[in-house]
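Q: We have chain A; now place chain B onto it with these hints.
Chain by chain, the residues:
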Amino acid sequence: MQPDTSAIPVQPCKNCGTQAPVDVHFCPRCDRILTLGRHGDYFTFFGLHRRLQVEPRDLEQRFRALSRQFHPDYFHNSSGTERLASLERSSYLNDAFRTLRDPVARLEYLLKLEGFAPKEARAASSQVPAGLLEEVFELNEELEAIQDLKAEGAPADQVAARLDGARIPIEENLATHERQLAALMVTHDARFNEGDAAGRHATLEAMRTLLLERTYLTNLLATVRREMSGGEAARS
Amino acid sequence: MSKVVGIDLGTTNSLVAFASVGTPQVIADESGDRLLPSIVSIDAAQTIYVGREAQRRLLTDAVRTVYSVKRFMGRGIEDVTDEARWFPFKVSGETGGVVHVHLGERELTPPEISAFILRELKRRAESWFMKEGDFDPEVAAAVITVPAYFNDAQRTATRDAGRLAGLEVLRIINEPTAACLAYGLDKRHEGTIAVYDLGGGTFDISILKVEDGVFQVLSTNGDTHLGGDDIDRVLVEIIAHDLGLDPAAHADAIQAVRKAVIQAKWDLSEFDQADIDLPVVPGLPMSYRKHITRAEFEALIAPIVARTLEPCRRALEDAGLTASQVDAVVLVGGSTRIPMVRREVATLFGRPPYTDLNPDEVVAIGAAVQADILVSGRREMLLLDVTPLSLGIETMGGIVSKIILRNSTVPASGSEMFTSFVDSQTAVDIHILQGEREMAADNRSLGRFKLRGIPPMPAGLPRIQVRFQIDANGILSVSAHELRTGIEQAIEVKPSYGLTDEEVERMLLESFEHAREDVEGRMLIEARNEAETVLAGTDKALRRPDFGEIAAAKLTPDEVARVRAAAAALREAMGTADRAAIQDGTAALNHATKHLAEVMMNWTVQAALAGRSADDVAAKGR
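Residue numbers (my numbering), protein chains in the order written: chain A, -4 to 231; chain B, 2 to 623.
Hints may be right or wrong, so weigh each one.
[Said to hold, decoys possible] Covered stretches of chain B (chain A as the covering partner; in silico rule of three or more C-beta atoms under 8 Å from a C-beta of chain A):
#: 1; region: 211 to 224
#: 2; region: 300 to 312
#: 3; region: 382 to 389
[To be verified] Some chain A residues close to chain B (C-beta under 7 Å, calculated; not the full set):
#: 4; residue: F21
#: 5; residue: R59
#: 6; residue: R63
#: 7; residue: H66
#: 8; residue: P67
#: 9; residue: D68
#: 10; residue: H71
#: 11; residue: L82
#: 12; residue: S85
#: 13; residue: S86
#: 14; residue: N89
I should point out that these hints are in silico values taken from the structure, not numbers from a laboratory.
Glycine included, each C-beta is placed from N, C-alpha and C at the ideal position.
Isolated chain B (complex conformation):
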């Protein structure tokens, strides 16, 4: 039987995981990397790069490279104009329509770009199954996760992406719920659980009740435009201003700044100070270094962290609970590694949060568990999720009449009666909205539906029952019939921020035309990926604030020089397409750093034993 995998299609990174007989695991690529950067690049020859190679191309060909495309899923151009300025790629679109991303000659929609990422994960999983000697390595279906606070258009866009990647999307589940499922595997986490999920681009809070294997979501809240990206942008803007960089003119340089900023952000989760270190790259007017302390960093990001707290309070209120009634708090998403985030969450809930599982992987693992439940039909565990936003229709005067309330367990349904306003009217327009506001204009438009084929009758006589059904994916479908005649009404859907079925079919055909496998190209990319892993490890050691001290005590100047030379040589080789040279360089650097790595490891252990730098050790222990 072909395989069903779990996929976390993240803003920053995506992962694929598989569970069989209840033991889920994240699938790594050929170089052992479990995270796939959610980045896609298309070069002038129309070759498509996904993941780390695309990430490298951000520094050399930024305008043909797209990242954080999840922030554009199911959204309109009017939602993203502000932040689009900071992205290297151009976006366009009509108000109320789908966003188009420009990559060189091609214009692609966010589901098409996400499909490249999904296809890469599918390939990764298939080659892993093949290597495992599986007789049927094909991956034909998946459970894909989305932020709990995603609306109907964003969920539908995700499902379209799956279809475009040649995957049957068996289920869309919410990221915090998936994480809770992963935590629930060991049965220790029963009771009322709050899942705080701060990722690269989105924030969710879900409150669940876990009992007898049933994971029942009581309430959810969040912000689909709040995450690590926003933290990065605060720092990028400061440095761009210092350097006089204009994002429109210096796309590559801005990406170099962004890379350095992200590195400093990571460092600040471990140490109380870091350097934002910019190498001299084309487009940068000068080399640049900025020292930043954790306190300064926290002052800058405090407003962003604060924005997560109000949704937490609202979720608690909707669940009818106080913070002290929550039995456990679970942290998910890379941004929860930031000490300030942990501190604020601990303060709000009055208890330290759980961080036992890797916050980057826990969602994919939960998705794999859910995939296993669907395929096997095993009933030990059950997810009962909710719809995050109320669903309603526009009535007279632009007011919304709510039909399904937020935090209703899905599947959920509701119905509403309609009639005609004039004699012999045969069609009625219905405008569907999602959101909590009273006026239609303040909510999210999901689409306009036209009810046709109403039997001609005097005004007010037809009794048309329109039924709204939200399925277990949180996706809406609509059906209608006239009660007097029993005639089923045809419904034409014009999704506000989505693709029509015809558009998806057309894109599917186009994607086959563009598809081609480049074996040698792939091997080169794998060699570069491995080289990068080794380089990153070396850089991390050299960048430690206490490196000077360690080097003086344990290393010879000669050795440090050899490491630096090997790193520089490898970096140069990576710029070429010479696979053999890259592989040799990687081996050489690995050899040169063998002793250094041992020294670093011992130093950290010694420091831990001596109780020195307790903060640092605690951060690593997580």
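One chain only, chain A, in its complex shape:
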């Protein structure tokens, strides 16, 4: 997707001045840890391709191996520059691992990287996604009805049953989204391996939509669950 730059971006090693590629961690000449400058991304940092299926075991092993290379514990006797480089590289490694080990965070990160992130993330999450309009409308009506029921002093188990009725379809819908996302991740990686940029693009687009809906559904579910636990408290 990105134009192939023939020249690899480099940065000077602060110790020996060698022009080192930005995506290596240690200077090829003097072997000192390199300052974290402009470089690729979390995937490159871990030596991974931009694929969505990541073997947890493999990622963890890479994380541990890199930790053993960068950790500030091992730079205690080094120069100030190297200590700072070790701190920055370790922080970046930890942030990257936190993002890549979680499938959803990983997907969100890749979408952002590929320019698919919604511009106004906050506004987008408060807007009802088009695919969910009908469902949300029905749910709101049902929640209102349940509120009325409660206000009229209906028995608690009756209220709970109604809330359960509202909860189950959301959970099912959420499960469907998870399945679809998982399938699209497989497709994405296949397109990536085939070098099919357009096909990859299309799956990313589809995943962005699903992800937005998923976020919205998760929030809805939280609302219903809050109602339910509120009911519990009122009962006791």
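A: Below, chain B without anything else, positioned relative to chain A:
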């Protein structure tokens, strides 16, 4: 090369340990004592006592003696007013500022008091290295442990204490993680490990994954105000009420009660009943004895033990694990000797906990191992710890915007963009908070930062990136620059519950003025320490619930009388400053109890062989 030691700066006791070539050991003082009571006392002549001598002074000069100062580290007066009532010393401070402890004429901050303890440990280690014939016995640096759930202010206060004691603090590590490192030395403990650490004043639970020598903390939780002190206070309050004691008026007497209560607490870990036995001491209206069974004791402390379980569940949830997925549970901290604590932990995790290593020493040993890693650069082992609390900043409407989430592996970083609200604004105020609550007011304020030197621009145009960096110690630093101009911003830090660098420098100078070595005084103290050790051993034997039975079977009345007389004589000598008399008395008591000690040992062995009192034997076997 000067030495780097590991220090467990505990609420009740502190220890120093050293590891070279992978074999760590706790360093004992001249009388063989490995624990240093975390108690500091200053007499009217301004002499400073640390450890057991200070502990003795609790009974005679309580108002000039401070213990459990760790509970005050990095905290404000508003946090401690409730419990301060039960302490003999006075505390003061402004809301949102550092607590001051009053010891006679002097007012000291908790880091200064902790520094006395650290300095004593430094001295202890140096004299040990000297005795070992080391060419460079100087201890210039240390790894110091803190509760995992300590916040930024509490960690910073600990680091300040180290500086004040003349120690370079190479690293602050978390106590449960240190313990896990000590357990991990023998490689048997791999997999998912839960470390339950209930000490004198703090409680931590950490869940770790140990694999290929990497000790990765998955989650941590706890309560920095929950421990053995709280258990003691429950009993002290009951007895103070029985006796009509007011902590403000009867400081010494309250300490006598506290001492007796602690003894009974220890006894109840071994036997199913004990006596809380108060001698007649000045300030006590009468002598007092209260019989207490283990069941009664457990009923009293159940709410305290229960408070440790919720953090355990939360830690498991944050680690994404169920209790049954934990491969091993490790117990740390003196309060885990209480059978009820062991039982509750076993129930929660569905397996008996490991107690192979001494729960008082395991943290110091882990700290020494970490010190060795830092100095040697050896890479077989690596600790990856987490920050216990989320870090955020206050935004519009008093809401917290989280920047680094709790249980993030450290070092960790985060950044946030700021801009100006009015034209040509050159400074922005930032309020930094730690905690999980939504509203700023419900979280811990770490400090207020002022960003200055913003280039004058129309409102909303500056793009100031503020970078938050939590280092491997769990301590925060902040930097900022304006992206359009690239100008680095000056940041003024006003720590909420901490000392400024200038204050630490000033205290450092003052501490040199007060420092003086009193050789004869120290030798007297050592003699008293030794006397106390022998007395404690004798008392323990005499206090056994089955002592009457043993004495009838194996001892003559004459012998028992001789032991009691020697103990009484030594106790009297200890009240004087006559070192020779104390040493003679110690030797005499040692001689008088030689046969008694053998009898006790044989009796216990016989009981074990006969399967009698299995509970008692099991408790000792740990």
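Q: A separate judgement is required for each hint: does it hold in the structure or not?
A: To see whether the hints hold, each was checked on the structure:
1. 211 to 224: holds (count 4)
2. 300 to 312: violated (count 0)
3. 382 to 389: With 3 residues closer than 8 Å to chain A, the region 382 to 389 of chain B meets the three-residue bar; holds.
4. F21: violated, 15 Å
5. R59: Status holds, d = 5 Å.
6. R63: Status holds, d = 6 Å.
7. H66: holds, 6 Å
8. P67: holds, 5 Å
9. D68: holds, 6 Å
10. H71: H71(A) check passes; min Cβ-Cβ to chain B is 5 Å, inside 7 Å.
11. L82: Since the shortest Cβ distance to chain B is 5 Å, the answer is holds.
12. S85: At about 5 Å, which falls below the 7 Å cut-off, the nearest Cβ of chain B leaves the hint on S85(A) intact, so it holds.
13. S86: Holds, about 4 Å.
14. N89: This hint holds: N89(A) lies near chain B, its Cβ roughly 4 Å from the closest one there, short of 7 Å.
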